[in-house]
Amino acid sequence: MKNRVLLAFAVVPGLCSGSNLVKEPAGERTTIENAELRLVIGNDGKAVSLLHKPSGQECLQPDAKRCNNAAVFSITEYRPYNGEVHLVYPSKTTAFEANSVHRVGDDLIVGFERSHWLATISLRITDSYIGFTLKKLDFVEGYGDNTRHPVDEVTFLQLPVRNRKFFGEWLNVIWDEDVAVNVLGTDPYARIDGVKYNDYTLLQATAVREVKALGVGAALITTGKDNLLDRIDRLERDLGLPLGVKSRRNDAIRHSYLWLQQVSPESIDEYIAIAKRAGLRGVQIYWPAIFQTLGHYPWRPEFPNGMADLKTITRKIADAGMIPGFHMQHSKASITDLYVSPVPDHRLNLLRMFTLAAPLDKEATTVTVEENPEGCDLMTAVMWNKKQVLKIGSELVEYATYTPNRPYQFTGCKRGILNTASSAYPLGHKLGLLDIDGQAKVRFDQRTGIQSEHAERIGKISNEAGFRFFSYDGAEDVHAPWWFHVSMSQLEVHKRLVPEPLFSVGAAKSHFGWHILTSANEFDTFKPEVVKAATRKHQVAAAKYLAQDFTRVNFGWLDYVAPNEGTIGMQPDMYEYICSRATAWDCPISLKANLRALRTHPRTDDNLEVIRRWEEARLSRFFSDEQRGALQEVGQEHILLINETGGFELQPYDEVPDAAGGSPSIRAFIFNRAGKTHVVFWHPSGEGNLELNIDAGRTRLFKQLGREIPVRGNSQRVSVPYGERQYLEIDRPRENVVSALREARVF
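Residue numbers (my numbering): 1264 to 2010.
Since the hints were derived computationally from the structure, they do not count as laboratory data.
Quantities reported herein were computed from a predicted structural model and do not represent experimental measurements.
Check before you lean on any hint, since a few could be wrong.
[As the list claims (entries may be wrong)] Heads up, simulated DSS-like pairs for lysine-lysine below, C-alpha to C-alpha not over 27 Å straight-line:
#: 1; residue 1: K1539; residue 2: K1574
#: 2; residue 1: K1488; residue 2: K1966
#: 3; residue 1: K1795; residue 2: K1509
#: 4; residue 1: K1677; residue 2: K1625
#: 5; residue 1: K1855; residue 2: K1539
#: 6; residue 1: K1855; residue 2: K1807
#: 7; residue 1: K1428; residue 2: K1475
#: 8; residue 1: K1355; residue 2: K1309
#: 9; residue 1: K1966; residue 2: K1939
#: 10; residue 1: K1509; residue 2: K1677
#: 11; residue 1: K1758; residue 2: K1459
#: 12; residue 1: K1399; residue 2: K1574
#: 13; residue 1: K1693; residue 2: K1625
#: 14; residue 1: K1855; residue 2: K1723
#: 15; residue 1: K1488; residue 2: K1459
#: 16; residue 1: K1475; residue 2: K1355
#: 17; residue 1: K1855; residue 2: K1795
#: 18; residue 1: K1579; residue 2: K1723
#: 19; residue 1: K1758; residue 2: K1800
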């Protein structure tokens, strides 16, 4: 083995016998460049310069202003392993920085301080990007301890990039209107990160032994901001990655959609009609609407003809000019699925492992173990109905509590739950804490083949049914390392979807998933009473944040709630606010289709019309940059009108929260238009009469602008029957109208 290593490096200049360093002539530097960038690395391993050649801009933080001494390359050991090193340095995660770099053809040979290891990093130089791949690691024997200790991590690219206006943390790109600097993975195995300092960010690419040690790659792009997506698109096509840029440029990614939790071949027509009324271009179906369990997918009774019925639904959606979509939870199985019951699959994830400290007979209700079980009840955010379950062989055991002191025991056990068979087990038998989430689902062990097996089943369903966009829900339901398994579990499904989805969303994201989750994510629903504040806090903040990654966010899910004793229900102004904020960032929405609420809500026509207007205007690119900028000011609400000529018209408006003395029977908003004061108002839950102390001769009433409705009243008072949204045009100053609204009577 020693001879093999020495022969492998016999051609490397300066390799000293018994040394772990590759020496270069003093003062030499390594220069790597393409048409757009020039990267210079010192022979001590430090980054000297990264030049954007067209603009002449230097992109690195000057060496004198850096907060650390990090080199372009390093290796990390979770404790020092070499004998001479661990005798001196403490047992903690330790990085060994590069101290020599030498180029041989398209390879960089890198040596590290206090280490016997040499790394070979191969280069792929194109006009669009420069690729770096960890090709091999070689051990060079010296004097002292020559044990081949492991290398836990190899950082094969690390650059201190000067901060600019924007940092896309997901894509790992620093940019402004002139230049973009991007370090991105060329495969799912690279851990990509950006470590932030005051004036610069260390853009990093690292190979982690736990995931994959060799053959891991990343690319450096330094280009004009307007060229960045072109460069990434070239990389995706060269390397066979999911086509994230192509998807982002597909106009379908701007389409909003209706989300269905229940559907059948008979009910789909009503859902399609609702989507049309709201101007939505897609219909997405959540898997429980079709299947009884997640995992093996037995059909629900509503689908007696199985796939033929599902294809009827997707065909009707497509025939209506809409895109059918599939909402899937890909990383887990239902607690009642065949993956779990009656014989639990050996590839289900176990959060903690234990060893029987005493034999266990098949009737015992106490399980004694060697290891301390403390914290088992805190292993996941929520457990299935607060139950904790152990997996012992092919048996599932529910326990009530545990003892945190010896003898360590799980007590109050129920044996053979979920129709599994109770058995006896010998001393020393291994068992584990089953990884259950809060939705009665069991998570998969991503290190096994179960994820790819499940992905194969999902892909077959989706492809045969004809789904064209996809939601990767459950991406958060993977185990560590999350930076890898979040996107790798998504990739297992994505590569089985033929053709590639037009766009996809997901519940969690990691770096490589940028190529897959091209419309980022949806949000869970919020109550009507807080939905505007929640939109400001979550969706608007996300839209602003993810725009730095050249990615839209979905402003759904929007719930559809009818008024009742406990809530005012979703109202036109709420949809107006959400859709206007989505328009500010050119983002779609998704609306949950609650048929009962849609049928019973008195303001369904108004609500769907509000959504339709914003969808039509946004998709037609009606709004100017100036208007979209105004919509980004979250404190000011806006209304989108259909004016007298049938065109769209954007107006800022403000709520009059104490209209009619704060009556819950009216919602009223005021705005100025064409020199007159206007009020849009409606009854949130029924019908009524509005009486205003205002001159009828100065007042006009419209259901649609330009189509006047006669007003009953006199010079002192106006009386208006109302229910649906209507408009009052009043030839009085705004403050007078506000006063009249406050003093109004509703009955």
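Results of checking the hints against the structure:
Proposed proximity of K1539 and K1574 is supported: the alpha carbons are some 20 Å apart, at most 27 Å. Restraint check for K1488 and K1966: not satisfied, since their Cα atoms lie roughly 47 Å apart, outside the 27 Å limit. With a C-alpha separation of about 33 Å, the suggested pairing of K1795 with K1509 is violated against the 27 Å cut-off. Only pairs whose Cα atoms come within 27 Å are accepted, and K1677 paired with K1625 is accepted, the gap being roughly 11 Å.
Using a Cα cut-off of 27 Å, the hinted pair K1855 and K1539 holds, with the two alpha carbons roughly 14 Å apart. For a cut-off of 27 Å, the pair hint linking K1855 to K1807 stands: about 24 Å separates their Cα positions. The straight-line distance between the Cα atoms of K1428 and K1475 is roughly 34 Å, outside the 27 Å bound, and the hint therefore fails. This hinted pair checks out: K1355 and K1309 have alpha carbons roughly 24 Å apart, not beyond 27 Å.
Of the pairs offered as hints, the one joining K1966 and K1939 holds, with about 17 Å between alpha carbons and a cut-off of 27 Å not exceeded. In summary, the hint linking K1509 to K1677 is not supported, as the alpha carbons are separated by about 53 Å, beyond the 27 Å threshold. At most 27 Å may separate the alpha-carbon atoms for a hinted pair to count; K1758 and K1459 exceed this at roughly 33 Å. Taken as a hint, the K1399 and K1574 pair is broken in the structure, with Cα atoms around 49 Å apart against an allowance of 27 Å.
For the proposed pair K1693 and K1625, the alpha carbon gap of about 15 Å is at most 27 Å, so the pair holds. Proximity of K1855 to K1723 is assessed by CA-CA distance (about 26 Å); at most 27 Å being required, the pair is judged to hold. Straight-line distance between C-alpha atoms of K1488 and K1459 comes to about 21 Å, which keeps the hinted pair within the 27 Å bound. Distance check on the hinted pair: K1475 and K1355 sit about 22 Å apart at the alpha-carbon level, within 27 Å; holds.
For the hint pairing K1855 with K1795, the CA-to-CA distance comes to about 17 Å; that is within 27 Å, so the pair holds. Distance hint between K1579 and K1723 is fulfilled; the C-alpha atoms sit about 20 Å from each other, no more than 27 Å. The suggested pairing of K1758 with K1800 is violated, with an alpha-carbon distance near 34 Å, which exceeds 27 Å.
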